[in-house]
Amino acid sequence: MVVLSASKLQKSFGADVLFDNVSFHVEQRDHIGLVGANGAGKTTLFQLITGQMEADGGEVHCSREAVIGYLEQHACNDPHRTVLEEALSCFAPLLSAEEKLHEIAVQLDHSADPELIDMQHRLQEQFESDGGLTFRSRTRAALLGLGFEEQDLNRPMSTLSGGQKSKVGLARLLVSGANFLLLDEPTNHLDITSVEWLEQYLQDFNGAFVVISHDRYFLDKVTRRTFELEHGRLATFDGGYSKYLEHKEEQREIQRRHYETQMREIHRIEGIVEQQRRWNRERNIKKAESELKRIDRLKEELEVPESEIETIHFRFEVPPVSGNDVLVCEDLSKSFGSKRLFDHASFTIQKGERVFLIGENGCGKTTFLKMLTGELGSDAGRMRRGAGVQIGYYDQNLSGLHPNKTVLDEIWDDYPRMTQTMVRSALAIFLFKGDDVFKPISALSGGERARVALLKLMLSKANFLLLDEPTNHLDVGSREALEGALKDYEGTLLIVSHDRYLINKLADRVLRLTIDGVEQYVGNYDAYLEKMMGVQKIAASPKPIKKPNAYQQRKEAESAKRRMAGRFKRLEAEIEQMEQQQSQVTAQLEQPDVSADYTRIVEINAQLEEIQKNLDALYEEWETLGEQLNEA
Numbered sequence: 016m017v018v019l020s021a022s023k024l025q026k027s028f029g030a031d032v033l034f035d036n037v038s039f040h041v042e043q044r045d046h047i048g049l050v051g052a053n054g055a056g057k058t059t060l061f062q063l064i065t066g067q068m069e070a071d072g073g074e075v076h077c078s079r080e081a082v083i084g085y086l087e088q089h090a091c092n093d094p095h096r097t098v099l100e101e102a103l104s105c106f107a108p109l110l111s112a113e114e115k116l117h118e119i120a121v122q123l124d125h126s127a128d129p130e131l132i133d134m135q136h137r138l139q140e141q142f143e144s145d146g147g148l149t150f151r152s153r154t155r156a157a158l159l160g161l162g163f164e165e166q167d168l169n170r171p172m173s174t175l176s177g178g179q180k181s182k183v184g185l186a187r188l189l190v191s192g193a194n195f196l197l198l199d200e201p202t203n204h205l206d207i208t209s210v211e212w213l214e215q216y217l218q219d220f221n222g223a224f225v226v227i228s229h230d231r232y233f234l235d236k237v238t239r240r241t242f243e244l245e246h247g248r249l250a251t252f253d254g255g256y257s258k259y260l261e262h263k264e265e266q267r268e269i270q271r272r273h274y275e276t277q278m279r280e281i282h283r284i285e286g287i288v289e290q291q292r293r294w295n296r297e298r299n300i301k302k303a304e305s306e307l308k309r310i311d312r313l314k315e316e317l318e319v320p321e322s323e324i325e326t327i328h329f330r331f332e333v334p335p336v337s338g339n340d341v342l343v344c345e346d347l348s349k350s351f352g353s354k355r356l357f358d359h360a361s362f363t364i365q366k367g368e369r370v371f372l373i374g375e376n377g378c379g380k381t382t383f384l385k386m387l388t389g390e391l392g393s394d395a396g397r398m399r400r401g402a403g404v405q406i407g408y409y410d411q412n413l414s415g416l417h418p419n420k421t422v423l424d425e426i427w428d429d430y431p432r433m434t435q436t437m438v439r440s441a442l443a444i445f446l447f448k449g450d451d452v453f454k455p456i457s458a459l460s461g462g463e464r465a466r467v468a469l470l471k472l473m474l475s476k477a478n479f480l481l482l483d484e485p486t487n488h489l490d491v492g493s494r495e496a497l498e499g500a501l502k503d504y505e506g507t508l509l510i511v512s513h514d515r516y517l518i519n520k521l522a523d524r525v526l527r528l529t530i531d532g533v534e535q536y537v538g539n540y541d542a543y544l545e546k547m548m549g550v551q552k553i554a555a556s557p558k559p560i561k562k563p564n565a566y567q568q569r570k571e572a573e574s575a576k577r578r579m580a581g582r583f584k585r586l587e588a589e590i591e592q593m594e595q596q597q598s599q600v601t602a603q604l605e606q607p608d609v610s611a612d613y614t615r616i617v618e619i620n621a622q623l624e625e626i627q628k629n630l631d632a633l634y635e636e637w638e639t640l641g642e643q644l645n646e647a
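For the numbering used here, count along the sequence shown from 1 and bump the result up by 15.
It should be emphasised that the hints constitute simulated quantities derived from the structure, not laboratory data. Treat each hint with caution, since some may be false.
Said to hold, decoys possible - Heads up, simulated PhoX-like pairs for lysine-lysine below, C-alpha to C-alpha not over 25 Å straight-line:
id : residue 1 : residue 2
1  : K385      : K236
2  : K502      : K520
3  : K476      : K628
4  : K520      : K420
5  : K502      : K420
Construct the entire structure; sequences and hints are all you get.
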């Protein structure tokens with residue numbers, strides 16, 4: 016059964032056409048992902064469906080059986096209610112019936128009126144039929160599943176952050192009884208555990224939903240169809256996000272081949288026309304005119320492949336070499352007042368590693384990064400950075416940007432040695448072109464501000480990047496560009512992220528921050544998940560496991576060997592680079608102007624000692640890894 020159909024929808028804002036001739040339908044159990052670049056009109060399409068905005072043309076038809084529930088990106092809530100009361104507010108009829116039943120019960124304590132008893136019986140039956148016995152427990156389960164603690168349920172809404180209010184709105188929507196959900200970025204503000212709970216809920220959801228999300232891992236988990244809004248048109252694809260990408264690439268290839276075939280035919284006919292004209296006979300001229308008409312027809316039918324949506328493309332320059340131990344943390348602890356975040360957090364990050372820090376919202380991940388930058392101190396323990404480590408920090412709140420500055424000045428003030436041409440060229444790579452560079456930071460969208468912050472990070476040439484939720488605010492194209500840049504980055508990474516797609520692409524190791532410290536897992540997110548599930552199965556099993564999992568052990572051994580081989584190759588390149596640097600510095604001692612300058616000789620010798628120290632560490636690690644690889 017079709018729950019919603021849209022036909023030839025049009026929407027413009029002034030002279031800018033957002034989309035035109037958009038048609039689609041949604042079946043009663045469709046699970047659909049709506050994708051497209053920022054600004055393509057996805058949220059506007061939702062608002063046309065709900066009637067919050069009027070279309071310029073076309074129509075939307077919703078079936079009588081459909082009950083639409085809409086989660087906006089920035090949902091508003093009643094500040095005077097508690098968290099639980101706000102989530103329960105979708106059950107107004109049940110709450111009213113519950114209150115009425117309570118009033119009748121009080122009256123019956125004083126008088127056994129037969130009419131009251133009859134009314135109570137009828138109300139109770141209707142109450143139970145409408146879900147009155149379970150609506151409170153279902154609401155509580157949704158709030159807890161989305162990351163709230165039991166003690167949070169009585170907090171006033173006015174004390175919550177914007178992200179927490181959005182989670183309450185999501186919980187209210189999920190339990191509301193709507194059978195057709197419109198979800199606009201529902202995973203924003205959720206930690207990984209809460210996202211996984213939401214995934215399971217949506218996988219089991221018996222109605223239809225359309226979800227806007229930039230979380231590709233999430234889309235693959237919960238969707239079975241994909242709508243793409245691009246170039247003002249909507250295209251539909253079977254399958255989740257990964258399947259959509261495959262179909263999209265196949266379509267592009269077919270379009271490209273068809274276009275090339277058409278162009279070859281046009282060029283062939285143009286050659287015939289040119290030959291006919293050179294012969295310059297009446298019969299040839301008529302033939303040329305006939306062929307020209309044929310060319311015109313072909314050009315009218317010519318299907319030019321659609322250009323891809325413009326996105327950023329960048330890479331980090333090769334950073335300066337750091338020491339082997341980039342970061343050593345020993346028994347770090349942090350509390351705020353009576354709230355303990357974590358104790359005894361210990362780990363080491365070595366040069367070239369790509370490490371991800373995960374954990375529940377509020378466990379202290381951002382605090383941990385700020386401790387590493389020196390912005391916050393620890394309550395106990397110690398932290399040591401390696402030699403030559405230069406930190407570059409990306410703040411998820413983008414608080415390092417200055418609202419009153421223009422985009423141009425934001426970059427130029429931090430890098431005054433760059434010429435205006437150089438700054439504008441760098442900004443153009445991040446899609447700030449023409450007069451866009453004169454926009455104030457305060458006028459930019461979240462995605463645009465994120466691009467400015469990424470450009471500043473790229474220009475910093477740091478060799479140890481601390482990134483706090485770097486894919487927040489970015490559309491899919493920008494996320495993919497960032498992934499590519501980080502994959503090619505030759506420095507060291509410590510990233511806080513709930514983007515499981517990113518973790519799977521990049522992670523060498525996953526650190527899970529808990530109140531008792533740091534748990535360490537070798538590999539990417541899928542490997543972490545496998546190990547966590549294995550631990551849960553062992554805990555749930557009444558019998559001890561007698562035999563190790565040989566297949567899993569083999570997989571882990573092969574994975575570890577691949578990582579060692581990759582590190583071994585990187586070490587060889589680093590050693591070669593360091594030896595070249597040593598030769599260049601040694602050559603300075605032989606220069607006539609240096610040999611007579613005692614101060615300069617002392618400086619160069621100190622530099623050579625530092626280089627030799629780093630080389631010795633690299634040689635030692637190279638030899639150890641070589642032995643391990645031979646034994647593996």
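Checked hints:
1. K385 to K236: violated (33 Å)
2. K502 to K520: Status holds; Cα separation ~8 Å.
3. K476 to K628: Distance ~23 Å between K476 and K628 Cα, so the pair holds.
4. K520 to K420: violated (35 Å)
5. K502 to K420: It is violated: about 32 Å lies between the C-alpha atoms, which goes past 25 Å.
When each numbered hint is compared with the structure, violations occur for hints 1, 4, 5.
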